[in-house]
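Student: Sequence lines, in order, name chains A and B. Mapping the first sequence onto our numbering, position 268 (from 1) lands on 268, and the numbers just tick up by one. Mapping the second sequence onto our numbering, position 298 (from 1) lands on 298, and the numbers just tick up by one.
Where hints are given, some of them may not hold.
Which copy? The list can't say, so a pair holds if one copy fits it or any two copies do.
Here are the simulated lysine-lysine pairs, DSSO-like style, with alpha carbons at most 27 Å apart [stated by the list, open to error]: (1) Lys307 / Lys217; (2) Lys296 / Lys70; (3) Lys104 / Lys70; (4) Lys104 / Lys33; (5) Lys186 / Lys3; (6) Lys353 / Lys3; (7) Lys186 / Lys33; (8) Lys205 / Lys33; (9) Lys70 / Lys20.
Calculated from the structure, these hints are not laboratory results.
Protein chains: 2
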Amino acid sequence: MPKIFSYQQLCTFTHTIFLKIGCSTQDATTATKALLSADLRGIDSHGVARLVGYVRLWEAKRVNANAVCKVVHETPSTAVVDGDAGLGLVVAPFAMQVAIDKAKNVGTGWVSVKNSNHFGIAGYHAMMALPNDMIGIAMTNASALVAPTFSIEKMLGTNPIAVAIPAGEQPPFVADFATTTAANGKLEILQRKNLETPNGWVQTKEGHPTTNANALKEGGALLPLGGDVEHGSHKGYALGAIVDIFSALLSGANYGPWVPPFPAYIPMPENMPGQGIGHFFGAMRIDAFRPASEFKHHMDNWITRFKNARTIEGQANVIIPGDPERETEILRMKEGIPLLDAVVKELEELGEKFSVKIG
Amino acid sequence: MPKIFSYQQLCTFTHTIFLKIGCSTQDATTATKALLSADLRGIDSHGVARLVGYVRLWEAKRVNANAVCKVVHETPSTAVVDGDAGLGLVVAPFAMQVAIDKAKNVGTGWVSVKNSNHFGIAGYHAMMALPNDMIGIAMTNASALVAPTFSIEKMLGTNPIAVAIPAGEQPPFVADFATTTAANGKLEILQRKNLETPNGWVQTKEGHPTTNANALKEGGALLPLGGDVEHGSHKGYALGAIVDIFSALLSGANYGPWVPPFPAYIPMPENMPGQGIGHFFGAMRIDAFRPASEFKHHMDNWITRFKNARTIEGQANVIIPGDPERETEILRMKEGIPLLDAVVKELEELGEKFSVKIG
Numbered sequence: 001m002p003k004i005f006s007y008q009q010l011c012t013f014t015h016t017i018f019l020k021i022g023c024s025t026q027d028a029t030t031a032t033k034a035l036l037s038a039d040l041r042g043i044d045s046h047g048v049a050r051l052v053g054y055v056r057l058w059e060a061k062r063v064n065a066n067a068v069c070k071v072v073h074e075t076p077s078t079a080v081v082d083g084d085a086g087l088g089l090v091v092a093p094f095a096m097q098v099a100i101d102k103a104k105n106v107g108t109g110w111v112s113v114k115n116s117n118h119f120g121i122a123g124y125h126a127m128m129a130l131p132n133d134m135i136g137i138a139m140t141n142a143s144a145l146v147a148p149t150f151s152i153e154k155m156l157g158t159n160p161i162a163v164a165i166p167a168g169e170q171p172p173f174v175a176d177f178a179t180t181t182a183a184n185g186k187l188e189i190l191q192r193k194n195l196e197t198p199n200g201w202v203q204t205k206e207g208h209p210t211t212n213a214n215a216l217k218e219g220g221a222l223l224p225l226g227g228d229v230e231h232g233s234h235k236g237y238a239l240g241a242i243v244d245i246f247s248a249l250l251s252g253a254n255y256g257p258w259v260p261p262f263p264a265y266i267p268m269p270e271n272m273p274g275q276g277i278g279h280f281f282g283a284m285r286i287d288a289f290r291p292a293s294e295f296k297h298h299m300d301n302w303i304t305r306f307k308n309a310r311t312i313e314g315q316a317n318v319i320i321p322g323d324p325e326r327e328t329e330i331l332r333m334k335e336g337i338p339l340l341d342a343v344v345k346e347l348e349e350l351g352e353k354f355s356v357k358i359g
Numbered sequence: 001m002p003k004i005f006s007y008q009q010l011c012t013f014t015h016t017i018f019l020k021i022g023c024s025t026q027d028a029t030t031a032t033k034a035l036l037s038a039d040l041r042g043i044d045s046h047g048v049a050r051l052v053g054y055v056r057l058w059e060a061k062r063v064n065a066n067a068v069c070k071v072v073h074e075t076p077s078t079a080v081v082d083g084d085a086g087l088g089l090v091v092a093p094f095a096m097q098v099a100i101d102k103a104k105n106v107g108t109g110w111v112s113v114k115n116s117n118h119f120g121i122a123g124y125h126a127m128m129a130l131p132n133d134m135i136g137i138a139m140t141n142a143s144a145l146v147a148p149t150f151s152i153e154k155m156l157g158t159n160p161i162a163v164a165i166p167a168g169e170q171p172p173f174v175a176d177f178a179t180t181t182a183a184n185g186k187l188e189i190l191q192r193k194n195l196e197t198p199n200g201w202v203q204t205k206e207g208h209p210t211t212n213a214n215a216l217k218e219g220g221a222l223l224p225l226g227g228d229v230e231h232g233s234h235k236g237y238a239l240g241a242i243v244d245i246f247s248a249l250l251s252g253a254n255y256g257p258w259v260p261p262f263p264a265y266i267p268m269p270e271n272m273p274g275q276g277i278g279h280f281f282g283a284m285r286i287d288a289f290r291p292a293s294e295f296k297h298h299m300d301n302w303i304t305r306f307k308n309a310r311t312i313e314g315q316a317n318v319i320i321p322g323d324p325e326r327e328t329e330i331l332r333m334k335e336g337i338p339l340l341d342a343v344v345k346e347l348e349e350l351g352e353k354f355s356v357k358i359g
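Just chain A, same shape as in the assembly (with noise of 0.2 Å):
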């Protein structure tokens, strides 16, 4: 039986861990929002469940909780942040930003970061352009989870790719994927079901298909979207070395096999090429085109249509994405937020250890 909790509840709590462990009120502020959006989004894996794991990192001495933002190059359209070991949930928005201001002067900013930590999910970064009337583009590494075709190598992390785009009267389009078939959490919940995956999401240590949900932890690796060659793997492949290559090669942090795990308890990758995890963001201005109200008349047009596409019998409409997550969070705001007991009884421990009570 999950418990509910309101979201103010675990603001509160998420707000107060993130300032014992030494974080100025502001980036407590900012962490706790990046962070739960995700559970305000129905993310379950990226939000409030990882605060132990990065409470754990601060506690190795791999997240520096008085982090000093820095850009460390830029020209007028772009810029490198490092991130000074940082909390992402930090970082990233101080990049977001970044990005936005430039768009505002030249019409689009493009941020890569180096010396980061995970960001929580994409889509918050990406939406901080809606506001501004502006296309917003978030990426990031990962730890190596995923296998390219034809490998048996772990080698890219999920590397997930989020897009937003302001539309007029209808809710912007706002798509955030991992460039896998599944995401790690989706494999997650069917090991704790007991429950077999699809072909096609995971492979055996030895490359073999198999719908083992436990093959990762067996040695095998996550596949890389499209699942094999036959059905487009090389393209999944493709995009989750574009998102590592723009996040990390641009900036000058981790990539490949030597992006540092996020549990703290894995040993850290040997002869690693850079400096912590690296994120990708982008913002376009859409009056850098043209005028906002031309595009978002069409945005509107554009979404009106797909969502009364005909659909295949028995579905109820056409999906736009970010809808499903838009929905999920009015319904959490209103009426809480869910959690397993599994991560409630965790938050519990980590309140104790910091005296602070959740709820």
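Fit chain B to the given chain A structure using the hints.
Tutor: Positioned in the frame of chain A, the structure of chain B alone reads:
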């Protein structure tokens, strides 16, 4: 039995045909180079085999052979180009050059294009960035063949994305892929050979899974990368949608089900909301982020590490995007380009019409 032509033979023939329909010498040269890059790189469906199709569009007055491309709106890092209904093969290199010039000035350049036609292979245009030590990006929308997840209506084109990234000692990374499970060209090959498709490539007109390679012709649709929702087709649909929006809604081209069809005999959609088809191009100067030599050193390391990743038994090595196409190009430059009998026959008929001999 395919017949072999030298690159030079096909160049001379194609160039002459473009002159005959009224292109300037310069435009004919630009278009020929772009078109034949597909044949050289082994993407036979997008090369000289389409020349007849381009001429038919000109005959139908849908292609303007004397088009004058214009920048109709711009900021330091962005532009919208009006292609004046020209050949995409000419419009695209013009627009990509605008992106490159902007990147020289302010670090990056981003160009959305309206009022264009099919531009050949996306990879060719993206690769224009490479000699400038820039990353190149190219995408285009296309007439609707793809049903979004849960739909039976064809709403999106195969909407390809290409990203070209320079390396140092290693050849560049060049990804170029349709945002569907399989490109339409692969489907046509199976149709000709009377073979079935793997599952996840196409659906019937009722939206049911099928392995019938003729399903698309029989009212069905191509499927987004992923195939079905269990395998992430909503991600392929989102990618195709992003290409559509960047290419057409930023510029004022047609989008979704309103993109004009390539075959000139198919009537134009009703109530079209824009002009022609749309493209989107980007150029990012490497040294707008970090010194190019540093980046290239790490790209070499990335490529070498991925190429040497341990493989599934029986697989030679992990493929770096762009490697197979480059190898084909070297081979075909030396040994010639094989064309199917049906293609040769069409080209000979075209040649007769314009009194031009092929080969």
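Student: Each of the hints needs a verdict: does it hold here or not?
Tutor: Here's how the hints hold up against the structure:
no. : hint            : in the structure
1   : Lys307 / Lys217 : between (39 Å within a copy, 25 Å between copies)
2   : Lys296 / Lys70  : between (34 Å within a copy, 24 Å between copies)
3   : Lys104 / Lys70  : both (20 Å within a copy, 24 Å between copies)
4   : Lys104 / Lys33  : within (24 Å within a copy, 38 Å between copies)
5   : Lys186 / Lys3   : within (20 Å within a copy, 51 Å between copies)
6   : Lys353 / Lys3   : within (21 Å within a copy, 76 Å between copies)
7   : Lys186 / Lys33  : within (23 Å within a copy, 46 Å between copies)
8   : Lys205 / Lys33  : neither (38 Å within a copy, 45 Å between copies)
9   : Lys70 / Lys20   : within (24 Å within a copy, 58 Å between copies)
Checked against the numbered hints listed earlier, the structure breaks hint 8 alone; every other hint is satisfied.
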